[in-house]
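Chain by chain, the residues run as shown.
There are 2 protein chains.
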Amino acid sequence: MELLETLECCSPLAGEPLDTEHAARLARVFKALGDPVRLRIVSIVASHGGGEACVCDLTASFDVSQPTISHHLKVLKQVGLLTSERRASWVYYRIVPEMMAELSALLDVSGALSVSPAGRGGGR
Amino acid sequence: MELLETLECCSPLAGEPLDTEHAARLARVFKALGDPVRLRIVSIVASHGGGEACVCDLTASFDVSQPTISHHLKVLKQVGLLTSERRASWVYYRIVPEMMAELSALLDVSGALSVSPAGRGGGR
DNA sequence: CATTGATATCGACAGATGCCAATGTGGAGT
DNA sequence: ACTCCACATTGGCATCTGTCGATATCAATG
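Just so you know, the protein sequences line up as chains C and L, in that order.
Using the numbering used here, the first residue of the first sequence is number 14, and each one after it goes up by one.
Using the numbering used here, the first residue of the second sequence is number 14, and each one after it goes up by one.
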């Protein structure tokens with residue numbers, strides 16, 4: 014079950030290089046997002062009313078089989094991007110906003126690279 | 014060469030579901046970040062002085078061979094995360110801040126899911 | 001122009017990944 | 001208890017991916 018828990022970190026990528034451990038953990042999360050079906054699953058769940066969607070909502074949105082959807086959901090859950098809850102016959106998935114926030118903050122290099130605060134502007 | 018160009022989009026994931034096209038394009042970018050070596054390469058380049066790093070800086074930071082680093086750089090360049098410039102014998106890589114900003118904004122669901130602005134709070 | 005140093009490409013191979021059909025499981029209704 | 005439905009797991013298969021050694025390219029230098 015719980016494979017990923019440490020959500021304390023992270024300074025943005027532009028701060029200092031990721032050590033091997035953090036890189037390995039974060040890479041697994043990005044890899045989970047690195048499949049078009051899984052990325053659409055996340056977007057469907059994130060934008061679904063009530064912040065959650067059942068598997069039946071998802072299988073209806075794809076051409077792939079139900080076992081394949083189930084497999085992708087398992088991957089997304091293992092890396093900590095989704096949680097699930099069973100209610101009656103249906104299983105509802107919702108995103109973990111803390112994880113999304115961590116990734117978003119990690120990729121936010123706006124302060125360090127784009128504006129160049131005078132004095133170190135883009136090398137040369 | 015230029016495989017990815019359309020950087021106009023995107024509303025955050027929580028807005029509306031990604032269509033198949035956008036999902037496919039973005040998934041390729043996330044997949045590129047979904048390898049620990051590549052993620053560390055991005056972090057090293059992003060945090061390197063002057064905003065750029067040459068290949069020699071990178072090969073020194075990893076246990077993998079120089080061809081492997083070169084391969085990973087090619088992947089990161091193809092999806093639009095890095096650009097390269099040759100100066101004399103050295104090739105300098107730098108990140109594409111617009112791409113980072115796009116991904117960061119895409120994953121930023123803080124307005125829609127985490128804070129629950131009264132009225133639609135995370136279901137229940 | 002031969003040499004050297006930095007980087008890219010090629011070819012091959014083990015291991016990972018995505019997919020499906022078949023089957024298992026767990027809850028709700030009859 | 002039997003059955004139906006929603007979902008998960010298993011097993012197998014074709015394809016993709018990361019890695020390396022060998023080799024090619026490209027730029028500076030002698």
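Honestly, I wouldn't trust all of these hints.
Copies of the same chain look alike in the list, so a pair counts if it works inside one copy or between any two.
Straight-line C-alpha distance at most 20 Å; calculated EDC-like pairs for lysine to aspartate or glutamate [to be verified]: (1) K87 with D121; (2) K90 with D121; (3) K87 with E29; (4) K87 with D32; (5) K90 with D32; (6) K44 with D70; (7) K87 with E34; (8) K44 with D121; (9) K44 with E98.
Just so you know, the hints here were simulated from the structure itself, not pulled from any lab data.
Note that this is a predicted model, so its numbers are computed, not measured.
Hints, verified against the model:
no.: 1; hint: K87 with D121; result: neither (28 Å within a copy, 23 Å between copies)
no.: 2; hint: K90 with D121; result: between (24 Å within a copy, 19 Å between copies)
no.: 3; hint: K87 with E29; result: neither (32 Å within a copy, 23 Å between copies)
no.: 4; hint: K87 with D32; result: neither (27 Å within a copy, 22 Å between copies)
no.: 5; hint: K90 with D32; result: neither (24 Å within a copy, 22 Å between copies)
no.: 6; hint: K44 with D70; result: neither (24 Å within a copy, 25 Å between copies)
no.: 7; hint: K87 with E34; result: neither (23 Å within a copy, 24 Å between copies)
no.: 8; hint: K44 with D121; result: both (18 Å within a copy, 18 Å between copies)
no.: 9; hint: K44 with E98; result: neither (24 Å within a copy, 28 Å between copies)
Violation of the numbered hints given earlier is confined to hints 1, 3, 4, 5, 6, 7, 9; the remaining hints are satisfied by the structure.
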